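Number of protein chains: 2
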Amino acid sequence: MSETFTPSAETTARRSERASLDREAAYAVLDEGLVAHVGFVLDGSPFVIPMAYGRDGDRLLLHASVAARLTRALSDGAPVCVTVTLLDGLVLARSQFHHSMNYRSVVIVGKAERISDRDEAAEALVRLVDHIVPGRSAETRPGNRVELRQTAVIAVPLETASLKVRSGPPLDDEEDVASGGWAGVIPLTLTAGEPIDSPDADGSPPPPSVTRYGRRDRP
Amino acid sequence: MSETFTPSAETTARRSERASLDREAAYAVLDEGLVAHVGFVLDGSPFVIPMAYGRDGDRLLLHASVAARLTRALSDGAPVCVTVTLLDGLVLARSQFHHSMNYRSVVIVGKAERISDRDEAAEALVRLVDHIVPGRSAETRPGNRVELRQTAVIAVPLETASLKVRSGPPLDDEEDVASGGWAGVIPLTLTAGEPIDSPDADGSPPPPSVTRYGRRDRP
Numbered sequence: 001m002s003e004t005f006t007p008s009a010e011t012t013a014r015r016s017e018r019a020s021l022d023r024e025a026a027y028a029v030l031d032e033g034l035v036a037h038v039g040f041v042l043d044g045s046p047f048v049i050p051m052a053y054g055r056d057g058d059r060l061l062l063h064a065s066v067a068a069r070l071t072r073a074l075s076d077g078a079p080v081c082v083t084v085t086l087l088d089g090l091v092l093a094r095s096q097f098h099h100s101m102n103y104r105s106v107v108i109v110g111k112a113e114r115i116s117d118r119d120e121a122a123e124a125l126v127r128l129v130d131h132i133v134p135g136r137s138a139e140t141r142p143g144n145r146v147e148l149r150q151t152a153v154i155a156v157p158l159e160t161a162s163l164k165v166r167s168g169p170p171l172d173d174e175e176d177v178a179s180g181g182w183a184g185v186i187p188l189t190l191t192a193g194e195p196i197d198s199p200d201a202d203g204s205p206p207p208p209s210v211t212r213y214g215r216r217d218r219p
Numbered sequence: 220m221s222e223t224f225t226p227s228a229e230t231t232a233r234r235s236e237r238a239s240l241d242r243e244a245a246y247a248v249l250d251e252g253l254v255a256h257v258g259f260v261l262d263g264s265p266f267v268i269p270m271a272y273g274r275d276g277d278r279l280l281l282h283a284s285v286a287a288r289l290t291r292a293l294s295d296g297a298p299v300c301v302t303v304t305l306l307d308g309l310v311l312a313r314s315q316f317h318h319s320m321n322y323r324s325v326v327i328v329g330k331a332e333r334i335s336d337r338d339e340a341a342e343a344l345v346r347l348v349d350h351i352v353p354g355r356s357a358e359t360r361p362g363n364r365v366e367l368r369q370t371a372v373i374a375v376p377l378e379t380a381s382l383k384v385r386s387g388p389p390l391d392d393e394e395d396v397a398s399g400g401w402a403g404v405i406p407l408t409l410t411a412g413e414p415i416d417s418p419d420a421d422g423s424p425p426p427p428s429v430t431r432y433g434r435r436d437r438p
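Order-wise, the sequence lines are chains P and A. Here our numbering is used: position 65 in the first sequence is 65, and no number is missing along the way. Positions in the second sequence are counted from 1; adding 219 to them yields our numbering.
No lab work stands behind these hints: they were computed from the structure. What you are looking at is a predicted structure, and each value in this text was computed from that prediction instead of being measured. Beta carbons are placed, not taken as given, at the ideal position from N, Cα and C, and that holds for glycine. Hints may be right or wrong, so weigh each one.
Stated by the list, open to error - Quick look at which bits of chain P chain A covers, simulated, 3 or more residues with Cβ under 8 Å:
| # | stretch |
| --- | --- |
| 1 | 133 to 141 |
| 2 | 170 to 179 |
| 3 | 189 to 203 |
Stated by the list, open to error - Computed spacing ranges between beta-carbons, pair by pair:
| # | chain 1 | residue 1 | chain 2 | residue 2 | range |
| --- | --- | --- | --- | --- | --- |
| 4 | P | Asp22 | A | Pro406 | 52 to 60 Å |
| 5 | P | Asp76 | A | Gly354 | 19 to 27 Å |
| 6 | P | Ala67 | A | Arg368 | 29 to 37 Å |
| 7 | A | Lys330 | P | Gly168 | 22 to 30 Å |
| 8 | A | Pro427 | P | Lys111 | 48 to 56 Å |
What the hints assert, rightly or not - Residues of chain P clear of chain A, computed beta-carbon distances all greater than 12 Å:
| # | residue |
| --- | --- |
| 9 | Asp31 |
| 10 | Gly39 |
| 11 | Asp117 |
| 12 | Glu159 |
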């Protein structure tokens with residue numbers, strides 16, 4: 001597998017300084033993100049739905065109820081776009097025009113592939129759980145036959161994709177810098193709070209995956 | 220303007236307990252969010268791009284470079300889907316099947332309307348700045364003629380939309396609750412850090428919009 005993605009007209013951003021085809025950097029964004037925005041076409045119109053996801057090597061994994069319209073829209077071979085965005089900060093310039101955001105974003109285009117093999121689908125669902133909280137699958141009951149039958153698992157090959165990154169301070173025009181006034185960045189972080197026990201919990205303490213998660217993500 | 224959105228096949232979610240057409244609640248989500256995922260169709264394929272946005276009453280505002288392919292894709296009358304998602308927590312059940320996320324999400328479908336009137340476009344861009352940080356426009360230089368000419372402003376009417384909300388603890392099956400073990404929620408918050416001065420700043424203190432912003436968003 002190539003270390004860079006296949007460029008395409010769709011994923012070659014015009015503002016090339018923000019675009020990259022580096023596979024490792026894109027995977028780091030995918031592994032850090034929690035929600036993907038999945039785009040598909042229905043009767044010629046676009047739809048964008050937030051979904052949990054996972055990654056298995058060079059493919060992205062999605063899942064949905066077998067009965068969902070989404071599942072029919074993402075049938076084998078349907079064109080799909082999966083975008084994962086991490087927001088890192090608000091970029092506040094002296095001019096309104098140069099206001100921006102710092103972010104890292106991966107846009108994947110490809111065709112949906114329904115995973116029909118039962119064992120492969122079950123394994124994909126374990127990866128989806130471990131994507132939410134690493135190590136969580138080992139602490140929980142795996143899907144049973146009925147649950148697996150209700151769940152469609154969809155893979156999107158990580159072949160045609162692009163990474164866009166904006167970081168650093170605002171870039172004002174010289175005249176605006178000379179006029180003075182504050183400019184800078186407000187950093188933003190997705191922060192994990194203290195775990196909240198379920199009301200029907202039996203008093204067991206949070207398991208390792210949960211206590212670790214909190215420590216990793218808090219500033 | 221109706222207090223509820225027009226339902227449509229696209230925005231009437233099957234899991235109706237999570238779907239709502241309440242306009243006020245949906246606007247609260249749009250006003251809290253910072254990034255929209257904008258879906259459009261190009262040559263029959265879907266694309267999803269993260270964008271800053273704003274709201275002006277009953278329409279959503281987007282902007283892009285006049286030269287961008289995106290701007291051509293969002294030409295007058297093009298079908299567009301704008302989705303804003305706020306992630307509130309990770310829902311960790313005893314069964315892998317019932318793992319989920321707490322979130323609030325608004326999905327808007329409509330047709331793009333290019334704002335061609337110069338004054339109206341300028342006003343929309345001010346709203347985009349104030350959406351990032353309320354009050355910021357009063358502290359900054361407005362767009363000049365050249366900047367405005369470079370910027371396409373696109374409105375999407377907030378007519379056909381849906382709000383989906385998942386909140387609260389995991390909902391495990393009785394047998395799994397009886398088997399015991401921890402279950403619960405890890406809350407997630409987008410947290411603003413201390414403002415970072417631009418390296419070319421003149422030592423002015425952060426203005427009111429910036430100091431206020433930090434206080435509002437920190438836990």
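Please list, smallest to largest, the hint numbers that this structure does not respect.
4, 5, 6, 7 and 10
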